[in-house]
Amino acid sequence: MEAKKIVTAEILSNRPIAKGIMELKLLAPESASQAKPGQFVNVYTGDSSLLLPRPISICDADDTTLTLIYAVVGKGTAWFADCCVGQELRVSTPLGNGFDVSVVREGDTALLIGGGIGSCPLLKLGKVLKEKGVKLNVAIGFRDEPFLEEEFRALGANVVVATDSGRVGYHGTALAAAMDAGMDCEHWFTCGPKIMLKFVAKEAMARGRDAQVSMEERMGCGYGACVGCVVDVLERGAEAPVRKKVCKDGPVFLGSEVFFDEQ
Amino acid sequence: MSNKLDLRVNIAGVEWKNPITTASGTFSARESSAFYDLSRLDAVTTKGVADVPWAGNPTPRIAETYGGMLNAVGLQNPGVEAYMKEELPYLANYDTNVIANVAGHSIEEYCAVVERLNDTDVDMFEINISCPNVKQGGIGFGTDPVQAGLVTKAVKAIAKKPMIIKLTPNVTDITEIAKAVEENGADAISMINTLLGMRIDPRRGKLVLANKTGGFSGPAVKPVAVRMVYQVRRAVNIPIIGLGGISTGEDVAEFLMAGADAVAIGTAALVNPTAPVDILEQFETYMEEMGFTTIADVKKAFCE
Numbered sequence: 001m002e003a004k005k006i007v008t009a010e011i012l013s014n015r016p017i018a019k020g021i022m023e024l025k026l027l028a029p030e031s032a033s034q035a036k037p038g039q040f041v042n043v044y045t046g047d048s049s050l051l052l053p054r055p056i057s058i059c060d061a062d063d064t065t066l067t068l069i070y071a072v073v074g075k076g077t078a079w080f081a082d083c084c085v086g087q088e089l090r091v092s093t094p095l096g097n098g099f100d101v102s103v104v105r106e107g108d109t110a111l112l113i114g115g116g117i118g119s120c121p122l123l124k125l126g127k128v129l130k131e132k133g134v135k136l137n138v139a140i141g142f143r144d145e146p147f148l149e150e151e152f153r154a155l156g157a158n159v160v161v162a163t164d165s166g167r168v169g170y171h172g173t174a175l176a177a178a179m180d181a182g183m184d185c186e187h188w189f190t191c192g193p194k195i196m197l198k199f200v201a202k203e204a205m206a207r208g209r210d211a212q213v214s215m216e217e218r219m220g221c222g223y224g225a226c227v228g229c230v231v232d233v234l235e236r237g238a239e240a241p242v243r244k245k246v247c248k249d250g251p252v253f254l255g256s257e258v259f260f261d262e263q
Numbered sequence: 264m265s266n267k268l269d270l271r272v273n274i275a276g277v278e279w280k281n282p283i284t285t286a287s288g289t290f291s292a293r294e295s296s297a298f299y300d301l302s303r304l305d306a307v308t309t310k311g312v313a314d315v316p317w318a319g320n321p322t323p324r325i326a327e328t329y330g331g332m333l334n335a336v337g338l339q340n341p342g343v344e345a346y347m348k349e350e351l352p353y354l355a356n357y358d359t360n361v362i363a364n365v366a367g368h369s370i371e372e373y374c375a376v377v378e379r380l381n382d383t384d385v386d387m388f389e390i391n392i393s394c395p396n397v398k399q400g401g402i403g404f405g406t407d408p409v410q411a412g413l414v415t416k417a418v419k420a421i422a423k424k425p426m427i428i429k430l431t432p433n434v435t436d437i438t439e440i441a442k443a444v445e446e447n448g449a450d451a452i453s454m455i456n457t458l459l460g461m462r463i464d465p466r467r468g469k470l471v472l473a474n475k476t477g478g479f480s481g482p483a484v485k486p487v488a489v490r491m492v493y494q495v496r497r498a499v500n501i502p503i504i505g506l507g508g509i510s511t512g513e514d515v516a517e518f519l520m521a522g523a524d525a526v527a528i529g530t531a532a533l534v535n536p537t538a539p540v541d542i543l544e545q546f547e548t549y550m551e552e553m554g555f556t557t558i559a560d561v562k563k564a565f566c567e
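Residue numbers (our numbering), protein chains in the order written: chain A, 1 to 263; chain B, 264 to 567.
Since the hints were made in silico from the structure, they are not lab data.
Even glycine gets a Cβ: it sits at the ideal position worked out from N, Cα and C.
Here are some chain B residues the structure puts well away from chain A; computed CB gaps all over 12 angstroms:
no., residue
1, 268
2, 379
3, 447
4, 554
5, 560
Okay, the calculated bits of chain B under chain A, using three or more residues with CB under 8 angstroms as the criterion:
no., segment
6, 316 to 323
7, 527 to 535
Facing chain B, from chain A, some residues (calculated, C-beta under 8 angstroms):
no., residue
8, 6
9, 49
10, 50
11, 51
12, 219
13, 223
14, 227
15, 229
16, 243
17, 248
Just need the whole structure built from these sequences, with the hints factored in.
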């Protein structure tokens, strides 16, 4: 088993890219070089009253640099937003399993559907798929203000943008935008709010596909010890659903296997 | 580590090479060993295991609090058969004692697990009569001296390994429960389990945890735990494994001085996976700096 650890990373940049959305670049070779699409890292605040690490999905990574995009939603992310270039942050090596790209072959088509901040891990995925010679369709949805559109376009992907408000792009959900644009592909990948994942998984199945869905759940430790984040999964061939750890067994699961309406 | 230090302790007849174990519910053999060599700890305490698989509570199960956290996992576990097939053989690769934390809704369920584990490599049992997140049993046994005594007596009658009883702080007088379990045959006590807590999201006007309440742990609870260990030390003679918010080497010393014979690292390991070994190293440094060579030296240095 690969040894996991917590490393000290240097902040290369930390800037707003949309309202309440920040892009953080970290010099963290040990974390960055191992990163696979769909994995996440635990990032630690320097405020000891904020005990738990913040799990943030890996938006992009090369041999030395991790790019993380986070929404400022609470005290921990507000603490990150105040961090300056050159400051050090503690960050874990990559956690979780990420998307399974081994099922995709050269010349295949792939549809990536992202909801808000959930669009971020799809960027690294898009890069990996592009390298494999996969034709990419991308649908990303936001409340009001899109981000990452240019980055996806730079991959040569067909991109549609949707907003709930209708201010930019398609007025509606990313899924509806993708279907209206005739973007159905052999492989479906998605990340975003649970309700969106449920509808994407359903739609994929209706079309004879199986989406890889990256689940979001409130985490404690992020490495599988506390069993705080769980999802009910019925694996193919199994008789009864089992409760899987989102952080350790996921965060990516097959849409056909996830029980979205449990609990 | 200096060769001069002798960190050995004896807990209910089991020799520990150092006084640090993991706290149940915050340790998982495979997951934790991805970060550190389990052999460095004296003992690992595994997650509560019941006679059959338990699904645990709905999510969200975790909430952060100031200097602490709430959890309402509800003792999700794969059951004793899976534990024997998966967890124990994996732990056999490491030079560490194994403390099996045992969960149940009834005396019969506790006994069923202990009976099943009696002839395994488990070194000690920790009977969890104090989980605040399980409706029947669990904390029900831990808050009543008579019930606590009954479950202790029943398990003791069949247990082939030393038996630790894990106590809840959610009682008026913890010394009453401690005395009841000692009188009924407990070989040691571990304390404290989590404090019952709750959080409401004021922006959404909703409870944060699906289970409504959860167990409060982390550095914020440490003074409560230290006070309770101090009180129980003066009420019983059996060894105490102290826990509750330990995050540094000096925290370990604080518990030993309060009357604990060993300690467990819980929430700190969720925050930082290598906390149990980091804290052990810090504790060794503390002992060297203080000129202590044995655990008895640390305890003796406390005077009121």
